[in-house]
Amino acid sequence: MSNVQLDSEQQAGVPDAALAAESDSRKREAVSPTELVIDARNLEKSFGETPVLRDLSLQVRKGEIYGLIGPSGSGKSTTVHLLCGHLEPSGGEVTVLGEAPTRFSRRTRRRIGYMPQGFILNLDLTVRQNLSFAAGLYGLWWWPARKRIREVLKLVELGRARRQKARSISGGMQRRLALAAAIVHDPWLLFADEPTANLDPILRTKLWDHFRGMSAEGRTLFITTQYIDEAENCDRVGLMYDGTLIAEGRPEELRRSAFGGDIVDIQLESASTQCVDAVATAPGVLDVEAWRDGRLRLTVEDADRAVPMLVSSLEQVGATVVSAAPYQPTFDSVFIRLIEEHGRSRTPLGGLRRIEL
Amino acid sequence: MLSLIFGPLVIMIAFGLGSNITYPTPRAIVVTPPGPADQALMQDYRDQIQKYLRVAEYTSDGEYARRQLARNAVDTVVILPPDPYEAISRGQHAEIQVLYNEIDPTRSWVIPDYASSVESEINRQILMQGAERQRPALQAASQQLDAAIRALDAADAARLGNNRDEALQRVREARQSVAGLRDILDTAGPEAGALSPTLGLIQERLRDDEERLGESEQSLTAQATVQPDIASMRGRLQSLKETVDRLTPVRAEVLVSPVKVRSQYVAPLRPDVITFFAPAMLALLIQHTAVSLGSLSMVRERLADTFELYMVAPISNFQMLIGKYVANTVFTLAMTGALVGVLVGFFGVPIFGDAWRMGLTLLLLTLTSVGLGFAISLLASSERQAVQFAMLLLLGIVFFSGFALPVDALRQPALSFSYAMPATYGADLLQDVMLRGLPGRELFILVLGALSLVLFLVCLWLLRWRTHAG
Chain A
1 MSNVQLDSEQ QAGVPDAALA AESDSRKREA VSPTELVIDA RNLEKSFGET
51 PVLRDLSLQV RKGEIYGLIG PSGSGKSTTV HLLCGHLEPS GGEVTVLGEA
101 PTRFSRRTRR RIGYMPQGFI LNLDLTVRQN LSFAAGLYGL WWWPARKRIR
151 EVLKLVELGR ARRQKARSIS GGMQRRLALA AAIVHDPWLL FADEPTANLD
201 PILRTKLWDH FRGMSAEGRT LFITTQYIDE AENCDRVGLM YDGTLIAEGR
251 PEELRRSAFG GDIVDIQLES ASTQCVDAVA TAPGVLDVEA WRDGRLRLTV
301 EDADRAVPML VSSLEQVGAT VVSAAPYQPT FDSVFIRLIE EHGRSRTPLG
351 GLRRIEL
Chain B
358 MLSLIFGPLV IMIAFGLGSN ITYPTPRAIV VTPPGPADQA LMQDYRDQIQ
408 KYLRVAEYTS DGEYARRQLA RNAVDTVVIL PPDPYEAISR GQHAEIQVLY
458 NEIDPTRSWV IPDYASSVES EINRQILMQG AERQRPALQA ASQQLDAAIR
508 ALDAADAARL GNNRDEALQR VREARQSVAG LRDILDTAGP EAGALSPTLG
558 LIQERLRDDE ERLGESEQSL TAQATVQPDI ASMRGRLQSL KETVDRLTPV
608 RAEVLVSPVK VRSQYVAPLR PDVITFFAPA MLALLIQHTA VSLGSLSMVR
658 ERLADTFELY MVAPISNFQM LIGKYVANTV FTLAMTGALV GVLVGFFGVP
708 IFGDAWRMGL TLLLLTLTSV GLGFAISLLA SSERQAVQFA MLLLLGIVFF
758 SGFALPVDAL RQPALSFSYA MPATYGADLL QDVMLRGLPG RELFILVLGA
808 LSLVLFLVCL WLLRWRTHAG
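Protein chains in written order, with my numbering: chain A, 1 to 357; chain B, 358 to 827.
Take the hints with a grain of salt, since some may be wrong.
As the list claims (entries may be wrong) - Distance windows between CB atoms, simulated:
1) 825/B <-> 197/A: 43 to 51 Å
2) 810/B <-> 172/A: 20 to 28 Å
3) 740/B <-> 172/A: 41 to 49 Å
As the list claims (entries may be wrong) - Sample of chain A residues facing chain B (criterion: CB under 7 Å; computed from the structure):
4) 84
5) 114
6) 162
By construction, these hints were calculated from the structure, which means they are not laboratory data.
Where a beta carbon is used, it is the ideal one built from N, C-alpha and C, also for glycine.
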């Protein structure tokens with residue numbers, strides 16, 4: 001991908017010295033994984049008297065895929081608008097690629113791709129014409145643009161529809177077109193507001209594969225989504241709820257954080273009080289839930305170490321263990337639990353809303 | 358979009374091809390006087406009236422004619438006087454009544470105007486007839502004056518030969534001739550027509566001369582020592598005769614209308630309706646198309662959040678606006694080229710002036726109109742509002758840019774509206790360049806240029822306002 005970008009810019013007439021400097025800079029950036037691409041501290045945003053974003057702090061490092069997950073109306077898009085410079089924060093500080101978003105330099109803008117939530121391209125232009133237009137906005141000349149457009153059309157599988165008007169293609173195809181327009185100039189940092197909405201699972205998978213490919217090349221992606229299962233594709237995830245970032249971390253960390261540790265499911269032929277006492281007193285066990293059908297669910301500090309020890313303890317008290325294995329709770333349940341805990345810890349402005357994850 | 362731009366074009370072409378700005382001849386009923394009348398005079402009336410009015414009917418029933426007028430069966434009723442000479446002899450106007458009930462204010466002038474023309478023509482005819490009738494009287498007057506002068510010559514000779522009786526006799530003859538001349542002129546009466554003022558003057562002088570001759574006669578009779586000034590009297594009568602002789606050979610038509618205006622059309626072209634309105638229509642369509650395109654293009658992108666893309670992309674507001682201007686201007690100019698082709702090739706509208714000057718006018722008009730469209734686009738809160746603004750401007754052009762009414766016929770505040778429209782300047786300039794072969798007013802070119810620049814700056818400011826991070 002970076003080669004394509006380099007070729008494109010050479011043909012777009014960028015001076016050689018500048019090109020070389022930028023190339024060197026990229027290499028330096030590539031070996032500096034801790035560099036913050038996005039640094040937001042205590043961001044606030046209000047529309048009139050209504051606060052929509054409160055005390056938002058997040059850092060995104062170079063090459064990361066950062067997923068901002070949350071229900072509709074939680075402030076994800078507002079966050080993207082603030083990071084893209086569409087909106088001025090009411091409070092706090094933010095830098096993206098080292099610059100305040102509302103004062104991005106032209107060079108920085110060339111490195112940013114933006115895919116909005118709605119379809120904002122021209123419905124009366126064909127798929128290809130829209131991409132040419134987007135390429136033109138980023139200064140790609142005709143020949144490099146032509147080559148790059150072919151690549152992105154292939155990536156989003158719109159090659160056959162390239163001569164169709166945007167108006168006449170399906171909603172899912174329009175999302176793919178919007179994504180193609182956002183990456184046609186091969187950006188270093190991509191803001192994608194719900195890029196996989198309305199896409200079928202196969203294409204969603206392909207897009208995430210592409211996103212991971214971009215990330216592997218050192219590009220940074222800031223992606224919002226309502227699909228909680230997509231959290232697993234992200235390097236780090238922020239959970240937004242009612243204008244607040246209520247949890248942030250690697251997916252596994254969030255899972256552990258939600259349940260207080262790892263989960264182990266044990267199926268016995270029959271469960272007794274003796275069995276429950278045996279596992280509850282075992283080292284590393286934090287919590288035990290028992291069901292009448294002989295199933296136990298335990299929260300442990302480390303599932304891998306706990307499972308053989310638990311099986312041994314149960315057999316010592318004469319129990320017959322049918323199965324014992326670590327359990328991976330779905331992210332749906334992880335986030336429901338995190339939101340419930342957040343609700344218990346503080347009442348958000350406007351009251352707790354019923355959400356469906 | 359197509360209907361918004363080309364709809365008015367189709368309407369304008371239909372209007373140009375189908376409209377007729379000449380008014381139809383009014384329909385009239387002529388009410389002739391009941392009973393016997395001067396048939397020759399009545400025929401004159403009819404002849405004159407038919408030149409200006411379409412006579413549906415002649416009737417002597419005035420009430421019937423009024424009823425027909427009341428139910429709008431005719432446009433006017435003309436009531437002829439029974440005996441015009443009788444009224445004239447009484448020192449009054451002979452009145453022809455013209456009744457009409459036109460309620461359309463743009464046409465209410467037609468009947469009075471035609472009536473005025475009929476009045477002038479009839480008066481002229483009467484004056485000509487009167488003048489023609491005076492010709493024999495003038496000839497007789499000349500002869501009488503000749504006789505009087507000859508008598509005075511004889512009287513003077515007799516007086517110098519101390520033949521007082523002979524002199525007296527000749528003076529009496531001269532006085533009788535003058536008195537006879539006065540009788541001739543008196544009988545010419547009111548029909549003297551155009552000669553009336555001249556004859557009145559002559560009569561006055563004759564009265565004076567007759568008195569002087571009477572005094573001469575008395576001095577001769579009384580053997581007075583004071584000698585009558587016969588030579589002076591002769592001189593006066595001779596002068597009078599010269600005046601009468603000058604009038605006698607002049608044709609009655611010349612006497613009646615001594616001054617005649619001859620108008621001459623010197624423009625390079627006498628345009629028909631389509632040709633005359635073609636430049637204004639071109640200006641109107643350019644403004645309308647550019648405003649409609651401009652107003653919709655920006656508002657659509659603004660409301661569809663395409664501006665978000667521009668705000669992230671590495672382009673400045675200035676570059677974005679320039680891009681928009683170029684696209685819209687090129688499109689509008691292409692359409693203008695096609696329109697000019699149709700006007701010249703199909704409708705035969707000429708272009709007498711300089712092509713570069715016309716090109717400059719079209720370019721400035723397009724730039725100004727595109728700017729106007731963008732300003733609307735950046736101010737409107739919805740596409741519908743932008744379309745409404747564009748249509749309001751179209752109405753404004755039709756009424757205030759000189760298309761429907763000449764600009765110099767407008768008063769404030771309409772005049773200000775007029776000069777706020779780029780099409781007003783464009784129509785004027787294009788008319789000069791295309792139909793008169795003139796370069797057009799420099800001031801208007803400068804105003805269009807200034808307007809386009811100001812609108813560009815306004816649009817740039819509005820764009821910055823709209824793309825400012827909120």
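Verification of the supplied hints:
1. 825/B <-> 197/A: 43 to 51 Å: For residue 825/B and residue 197/A the Cβ distance comes to about 29 Å; the hint is violated.
2. 810/B <-> 172/A: 20 to 28 Å: 47 Å, violated
3. 740/B <-> 172/A: 41 to 49 Å: 26 Å, violated
4. 84: 5 Å, holds
5. 114: 4 Å, holds
6. 162: 20 Å, violated
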